[in-house]
Amino acid sequence: MAPAKILIIDDDPDIVEAMKVVLESKQYHVSIAENGQKGLEKVKSQKPDLIILDVMMETNDKGFEVSREIKSDAAYKDIPILMLTAIKEKTGLDFKKEAGDESWLPVDDYLDKPLKPDELIAKVGALLKK
Amino acid sequence: MGELKTSRLSERNVVEGGLVERLYWLIKLRWIAFAGLFLTVFFVDKFVGISLKTYPLYAAAIFLGIYNLSFRVFLYFLEKKKSAAVPKINNFLTNFQISLDLIFLAILLHFSGGAENPFIFYFIFHMIIASILLSRRASFWQATFAIFLFLSIVIFEYRKILPHHCLKGFVGQSLHDNLLYVAGVSFVFITTLYIAVYMATSISRRLKKREKSLREANELLEANDRIKSEYVLRVTHDIKGHLSAIQGCIEPVTGGITGPLNEKQRDLLQRADMRTGKLMFFVKALLEVTRIKLSRQIKVEYFSFGEMVKEAVANIQSKARDKNLSVKLTIDPGVDKARGAREYIQETISNILANAVKYTPRNGRIDVNVGDKGNSIITRIEDTGIGIPKDELPKVFDEFYRASNAKGVETDGTGLGLSIAKQVIARHDGKIWVESEEGRGTTFFIVLPK
Chain X
1 MAPAKILIID DDPDIVEAMK VVLESKQYHV SIAENGQKGL EKVKSQKPDL IILDVMMETN
61 DKGFEVSREI KSDAAYKDIP ILMLTAIKEK TGLDFKKEAG DESWLPVDDY LDKPLKPDEL
121 IAKVGALLKK
Chain R
1 MGELKTSRLS ERNVVEGGLV ERLYWLIKLR WIAFAGLFLT VFFVDKFVGI SLKTYPLYAA
61 AIFLGIYNLS FRVFLYFLEK KKSAAVPKIN NFLTNFQISL DLIFLAILLH FSGGAENPFI
121 FYFIFHMIIA SILLSRRASF WQATFAIFLF LSIVIFEYRK ILPHHCLKGF VGQSLHDNLL
181 YVAGVSFVFI TTLYIAVYMA TSISRRLKKR EKSLREANEL LEANDRIKSE YVLRVTHDIK
241 GHLSAIQGCI EPVTGGITGP LNEKQRDLLQ RADMRTGKLM FFVKALLEVT RIKLSRQIKV
301 EYFSFGEMVK EAVANIQSKA RDKNLSVKLT IDPGVDKARG AREYIQETIS NILANAVKYT
361 PRNGRIDVNV GDKGNSIITR IEDTGIGIPK DELPKVFDEF YRASNAKGVE TDGTGLGLSI
421 AKQVIARHDG KIWVESEEGR GTTFFIVLPK
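Listed in order, the protein sequences are those of chains X and R. The opening position of the first sequence corresponds to residue 1 in the numbering used here, with each subsequent residue numbered one higher. The opening position of the second sequence corresponds to residue 1 in the numbering used here, with each subsequent residue numbered one higher.
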């Protein structure tokens, strides 16, 4: 079986590099988009198996916009999205409850920043198994 | 979770609040007048040899009581409505009430001797009250109205249009038809009232001006503080972004993902990671306190207060067990739902509990008590810890302040936990305070309205 393709959409190059190292250690194939626009293009051209999406690119909620766009397209809506966020402490919202409620937050799971390598690997693994 | 309601807590229009308070003051004064009138009439009637028509006077006193009560009830409903028109209505109400009081006093005087009665000078009190509560112009109108009422009584009694009720025993003979007396008293009365209003309004004008400039200065301070907070928010947010990246880069390395490390490499990297973590903790606390400060609104919901405290206590149990601390939680059966920002309140309580664990030596005790006080819930968190030096007690809720003896127990600490707690509780119109004896223990009290 070919290694799973993971697309990281995040505008912080250092965090992206760290994630790439972690994911590649597990033999995933990682590609990168540094903004939402390029991310959407790569989703279409590469058809990744999983998308890791930072919620706070450019603007505070650009990530939401991107995820909504992907999830509203029948061709791509089955690609799992893992949202990177530091939003919990800002809004007091419990993402565990919100994730899965598609009308509110159209992503499959979320991951709090700062990232823990073990957590990242565990969540990515779980989402790919689905 | 979808039906989180947003509400504005603890934001009250200063001006409006002041006026309402003054209306309450007026009502309170009227109760005093009510009691004073009853007692005076009773005393004069029974013990002083003055002939007095008591029935109309008692009737007037009862009338005063009834109309004061109606005002009180009206004010209650007015406050409940909280409409934007309240200040305007209040101003009208104040004018109306003072005028009504003047009429009331005039009637009272008519039945107790008219110009013979030295209580005519009680009109001065109304003038002073008017000068404090109303504009200068309105105060002069009130004075004019009082003079009109007074002259009406005097002239009508003089012309025998109204009957005269003589205060026999107090004055030798009726004075109402003595032109010189009546004219003299009227002159003094008129000048006294106008001069009183002039003086009182001069003073209250100056006070109002000062109050206004103080308020403006305060607003400016608040605006500046806001700008500062916004700056802090931006900077800490940036710092947090960098820290997050640093942690993200270090952890794969210390975790061995990039290959094996030798002992020294791992040790140094772990030190760097730990320090970054501490810095992150500090930055997050700072972000939080700043955000609460800047947020005009916080999200509130109904939640079970007891459950919330139980969770907070459960979260510290393992750390308490490590130090062999006994943690006891008692919750009054009357404690039920409370309205507020659950997460923030829980964090406040968790913060204080964490402090209790941190600063209580081994084998100590922590008692948490949640009590019902009708309209509010009181939470008491008591420990047998190192305590807080007495002269430092007022400062523990200040930003970045850490008690001198706390630094000896725990070198790291942001000094922000209690500051956040204070902000959160203030946002809920609650109260938080601390009692402590150094070396014996500390007790925190939190009172929150339901």
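These are calculated hints, taken from the structure and not from any lab test. Heads up, a few of these hints could be off.
[Unchecked claim] Pairs of lysine-lysine residues, derived as PhoX-like cross-links and limited to a Cα-Cα distance of at most 25 Å, are as follows:
no., chain 1, residue 1, chain 2, residue 2
1, R, Lys264, X, Lys116
2, X, Lys116, R, Lys299
3, X, Lys20, R, Lys240
4, R, Lys264, X, Lys62
5, R, Lys240, X, Lys62
6, R, Lys278, X, Lys116
7, R, Lys284, X, Lys116
8, X, Lys116, R, Lys319
9, R, Lys278, X, Lys62
10, X, Lys123, R, Lys240
The hints, checked one at a time:
| no. | hint | result |
| --- | --- | --- |
| 1 | Lys264/R <-> Lys116/X | holds (22 Å) |
| 2 | Lys116/X <-> Lys299/R | violated (30 Å) |
| 3 | Lys20/X <-> Lys240/R | holds (21 Å) |
| 4 | Lys264/R <-> Lys62/X | violated (42 Å) |
| 5 | Lys240/R <-> Lys62/X | holds (19 Å) |
| 6 | Lys278/R <-> Lys116/X | holds (16 Å) |
| 7 | Lys284/R <-> Lys116/X | holds (17 Å) |
| 8 | Lys116/X <-> Lys319/R | holds (23 Å) |
| 9 | Lys278/R <-> Lys62/X | violated (30 Å) |
| 10 | Lys123/X <-> Lys240/R | holds (23 Å) |
In summary, the structure is inconsistent with hints 2, 4, 9 from the numbered list given earlier, while agreeing with the others.
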